[in-house]
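Asks: Chains as they are written, first to last, in the working numbering: chain E, 1 to 636; chain S, 1001 to 1095.
There's no promise every hint is true.
[What the hints assert, rightly or not] To give a feel for the contact side, a few chain S residues facing chain E, derived at Cβ under 8 Å: (1) G1020; (2) Y1027; (3) V1035; (4) V1049; (5) N1054; (6) G1060; (7) L1063; (8) F1072.
[To be verified] Here are the in silico distance ranges between beta carbons for each label pair: (9) S:S1011 with E:G18: 47 to 57 Å; (10) S:G1052 with E:A243: 20 to 30 Å; (11) E:S463 with S:G1052: 37 to 47 Å; (12) E:V624 with S:S1011: 25 to 35 Å; (13) S:Q1047 with E:D210: 50 to 60 Å; (14) S:A1051 with E:D210: 54 to 64 Å; (15) E:L621 with S:R1018: 48 to 58 Å.
These aren't lab readings, by the way, just hints derived from the structure by calculation.
Glycine included, each C-beta is placed from N, C-alpha and C at the ideal position.
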Amino acid sequence: MIYDPSAVAIVVFLAFVGFTVGLSFYLGGKAKSSAGYFAAHGQIPWFINGVAFAGDYLSAASFLGICGMIAAYGYDGFLYSIGYLAGWVVALFVIAEPMKRLGKFTFADALDAQFDSPGIKAAAGVSTLIVSVFYLIPQMVGAGVLIQPLLGFEHWHGVVLVGAAVITIVVTAGMVSTTWVQFLKGSLLVVFSAVLVVLVLNRGLREGNDAFQTLGPYPAGQWSTMSELDGREILPEEDGWQASDQWVRLASPTNGFDLFRVYESEGFVWLFQAQSVRTSDVGTLIDGAPLGRGANEKSLKPGGSIRNLPGEQTETGPLGPVDYLATLQQSEVMLWKKSSVRHDNGDESVVYYPQPTAGSKVLRPGEHPRFAGIRSDDWVGKINFLSLMLALFCGTASLPHILIRYYTVKDGAAARKSTIVGIASIGFFYVLTLYLGLGAMTSGTLDVTNNNMAAPLLARGMSPLLFAIISAIAFTTVLGTVSGLILASSGAVAHDLLGGALGLQFSEAVQVRVAKWAAVAVGLAAIGLGILFQDLNVSYLVGWAFSIAASANLPALVMLLFWRGTTAQGIIASVIVGMVSSLGWILLSADTFEKVYGLDPGSSPVPFSQPGIVTIPLALLTLVIVSWWSRSKPAG
Amino acid sequence: MPDQGISTQASAERRGARLGVILFLLYTACYLGFVFLNAFSPGSMDQIVIAGLNLAIVYGFGLILLAILLAFIYGMARRGESKVQAAGPQKGGQS
Chain E
1 MIYDPSAVAI VVFLAFVGFT VGLSFYLGGK AKSSAGYFAA HGQIPWFING
51 VAFAGDYLSA ASFLGICGMI AAYGYDGFLY SIGYLAGWVV ALFVIAEPMK
101 RLGKFTFADA LDAQFDSPGI KAAAGVSTLI VSVFYLIPQM VGAGVLIQPL
151 LGFEHWHGVV LVGAAVITIV VTAGMVSTTW VQFLKGSLLV VFSAVLVVLV
201 LNRGLREGND AFQTLGPYPA GQWSTMSELD GREILPEEDG WQASDQWVRL
251 ASPTNGFDLF RVYESEGFVW LFQAQSVRTS DVGTLIDGAP LGRGANEKSL
301 KPGGSIRNLP GEQTETGPLG PVDYLATLQQ SEVMLWKKSS VRHDNGDESV
351 VYYPQPTAGS KVLRPGEHPR FAGIRSDDWV GKINFLSLML ALFCGTASLP
401 HILIRYYTVK DGAAARKSTI VGIASIGFFY VLTLYLGLGA MTSGTLDVTN
451 NNMAAPLLAR GMSPLLFAII SAIAFTTVLG TVSGLILASS GAVAHDLLGG
501 ALGLQFSEAV QVRVAKWAAV AVGLAAIGLG ILFQDLNVSY LVGWAFSIAA
551 SANLPALVML LFWRGTTAQG IIASVIVGMV SSLGWILLSA DTFEKVYGLD
601 PGSSPVPFSQ PGIVTIPLAL LTLVIVSWWS RSKPAG
Chain S
1001 MPDQGISTQA SAERRGARLG VILFLLYTAC YLGFVFLNAF SPGSMDQIVI
1051 AGLNLAIVYG FGLILLAILL AFIYGMARRG ESKVQAAGPQ KGGQS
């Protein structure tokens, strides 16, 4: 799609960024000491901290990724919402209060509380760094994805802008400003998503999408003998289009052709208008015409619509939240799918086409290729699903940027209360994601090439101002989450690795300065990686971060709390084994072979892609065995 | 755990922690039910259960609402002790 940057969007966006950075400078004076920089002096009120949890957690992946996945595939995206929230139950009931009681600034503090072992600090510090970087890359890529339609900038502009803003936020006031940014963003995100959902429900559901033509129905045997359709010439099947009999090209009144996909059902044939993008030496062609806005040019049109509503109605009017889903359940939706055609000269056309899909299929799991396995008899699909749901359940409570937020409040009770506020706001938001995604699916605003923009584009369909606000919030979302991650990384470097593992003695002021330099370094690395990985599917990397966090951090943390036999050696071994095995598994998985290296997925040596179901128990087992073994030896 | 804590406070804290474990196990059982049903009986997710909604929607929303509900129950049950409890003993020392 061609996006027009809007003046309103630029103003709203700059106001957001300016306010955020200004707030940081204002708060900067409060964060001169280590306790201020890493933990905001433990002075953040629990309610503010709770909403800031939501700000930390509802990253670009949650907001853009989940809504986009629901818009493109339906219920499957909602599985992530469910899993991500379930993780918070672990955080509240198991982790929150002990974390606060045991630690001071970082996750490594808590693990190391009883042992004072440099090895634990080193292992936990490295795992914090790795998880943070894997979580950072998709946020930075997301920033680039957002900035293109919003301001009309290049991808790398967005990445650099986010990086610069975040380094400023973290360096000026550490955890104090990060927390307030998160609070601001968390509340705005939840409130404006709710506004958008009210508008979606109020508009209800409507049949059709005027931008695309539907021809037919023709009796199945008859239509293929016709020489023209809709009063237009049928172009010959050549130059690759003949490879499959599902494509029909009609002469276009302007330039190029109009592409249709053949859809056969119950003895009749319909032709649904599709769109093709051909990348060639002479530039990009959309349905055979040059890309652009001119008279003889074409651009991709937004898709997503309802084909049939239940009964005779063509428009429902305002619907309640239950009726909205119940009506959709009985409707038929047009989901946009992707295919490709290879031309004679070696060029490739990517073809996007609408596929009528029953509403009952959209509102159940299994439509996305990643989850389709649960509907087959193949055990690999089922194991992958179980493994992913396990990693989501265990991952939340072990993400470093979430864990450090327990140190910003004054005591265990405040840690508990802020977790409850976090659960309530995050849970409410995840309920909204389903409506946002389904609203985008049926509103004719979906960018067929990239579903990450589903929620902001849905807002644009409502009003340009709402689009500007939602986009600016999404961008602030990236700012906030990245600040939290960079802060967690800088704590890992300055406090755990240099101060703890290497035993360097820093004064307060020097430790803060070291942490700030570490923040700058991690920030610069994140900018570089964000540009480097711009074409990578961002949701994969978030899944990686969850798997690594769940395998490396959670078994050690839980056993430390519930098993008296845990030893320092056991913890070190568990963190290292969990980290190395999950990272190694991911790097060798069929998914990574295909999506990242571009290799044949069949040559992957691991049997399924999601490591959690193997590596979490493995880390747990390692901890138990090494703890037993190290205790049986006399203390040295 | 503060050793010198008043015994009633310590026992309230123990009760609170036990409640936490019970609620955690309750939620985990429900979550596992959802995951296993999806993996091994995906067809059951298509069944319409109530008000025209299928099991996938009802169970999914149910899990989110249950998490919020349990969090509030836990918060209410432990509200009393936070008034007794002063600021928890911090790990001392500079680093």
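Asks: Please go over all the hints and tell whether each is borne out by the structure.
Replies: Evaluated hints:
Interface restraint check: G1020 of chain S against chain E, minimum CB-CB distance 4 Å, threshold 8 Å, status holds. Look at Y1027 of chain S: its Cβ gets to within about 5 Å of chain E, closer than 8 Å, so that hint holds up. At about 5 Å, the closest approach between the beta carbon of V1035 of chain S and any beta carbon in chain E falls short of 8 Å, and the interface hint on this residue holds. With its C-beta approaching chain E no nearer than about 11 Å, V1049 of chain S sits outside the 8 Å limit, and its interface hint is violated.
For the restraint placing N1054 of chain S at the interface with chain E, the shortest Cβ-Cβ distance is roughly 6 Å, inside the 8 Å limit, so the hint holds. Given the 8 Å rule on beta carbons, the hint for G1060 of chain S holds: about 5 Å separates it from the nearest Cβ of chain E. For L1063 of chain S, the shortest C-beta to C-beta distance to chain E is roughly 5 Å, which falls under 8 Å, so the interface hint holds. With a least beta-carbon distance of about 7 Å to chain E, the hint placing F1072 of chain S at the interface is held under the 8 Å criterion.
Our hint of 47 to 57 Å for S1011 of chain S and G18 of chain E holds, since their Cβ atoms are close to 53 Å apart. Range check, G1052 of chain S to A243 of chain E: about 43 Å between beta-carbon atoms, so the 20 to 30 Å window is missed. Between S463 of chain E and G1052 of chain S the CB atoms are about 31 Å apart, so this pair departs from the stated range of 37 to 47 Å. For the hinted restraint 25 to 35 Å between V624 of chain E and S1011 of chain S, the CB-CB distance of approximately 30 Å keeps it satisfied.
A hinted range of 50 to 60 Å for the beta carbons of Q1047 of chain S and D210 of chain E is inconsistent with their spacing of about 36 Å. Distance hint check for A1051 of chain S and D210 of chain E: the Cβ-Cβ separation is about 32 Å, which falls outside the suggested range of 54 to 64 Å. Between L621 of chain E and R1018 of chain S the beta carbons are some 27 Å apart, a value that contradicts the proposed interval 48 to 58 Å.
When the structure is compared with the earlier hints, violations turn up for hints 4, 10, 11, 13, 14 and 15 and for no others.
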